[in-house]
Amino acid sequence: MSRSKRILIALGLMLGVALVATEAQATTSVCRGEAPAVGAQIRGPVLYVIDGGRLCVALEPSPSTWVELQVLDPRVVRTSSADDAKQRLMAAAFARDAVCVITGTSAGRATAACMVEGEQLSARVSQPEIAKAAQIWR
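Under this note's numbering, the first residue of the sequence shown is numbered 12, with each subsequent residue one higher.
By construction, these hints were calculated from the structure, which means they are not laboratory data. Treat the numbers as computed from the prediction; the structure is a model and nothing was measured. One thing to keep in mind: the hints can contain errors.
[As the list claims (entries may be wrong)] Under the rule of at most 20 angstroms between Cα atoms (straight-line distance), these lysine to aspartate or glutamate pairs were calculated in the EDC-like manner:
| no. | residue 1 | residue 2 |
| --- | --- | --- |
| 1 | Lys-143 | Asp-95 |
| 2 | Lys-143 | Glu-128 |
| 3 | Lys-143 | Asp-94 |
| 4 | Lys-143 | Glu-130 |
| 5 | Lys-143 | Glu-71 |
[Stated by the list, open to error] For each label pair, taking beta carbons as the anchor points, the in silico distance ranges come out as:
| no. | residue 1 | residue 2 | range |
| --- | --- | --- | --- |
| 6 | Lys-143 | Glu-45 | 17 to 27 angstroms |
| 7 | Gln-52 | Ser-92 | 27 to 37 angstroms |
| 8 | Ser-73 | Arg-107 | 16 to 26 angstroms |
| 9 | Val-110 | Pro-72 | 29 to 39 angstroms |
| 10 | Ser-92 | Ala-134 | 16 to 26 angstroms |
| 11 | Pro-72 | Pro-139 | 30 to 40 angstroms |
Beta carbons: idealized from backbone N, C-alpha and C, even for Gly.
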């Protein structure tokens, strides 16, 4: 094998490794805090919405203290798409203080019932004004 072919193969392998590393970083959650035990209550601002059912509550400014919570079953939020469900959760909770009680675990994640602005989050996402506000997040 010629030297130029070996260099091209080596460059291709390096590029492949770099792409895999980038993909792994992209799927790593921003929220790295440990969830407390079932029954515990946490409170703090919602600083990251992952998808239509998961968000992160910040216990302190550092993402190492942000706790990822499964707060909604996206299937119960009547929306036309996963993006719409995420935007509704953004409109309902992002940058607002949440009070959440850890209710269990599902798929290795903490599940929680949360209140935002004095309302159950599960009810809040279905309100007409939240649906309108969600349009802004597009």
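Report task. Give me the numbers of the hints this structure contradicts, sorted from smallest to largest. Result -> Failing hints, ascending: 5, 6, 9.
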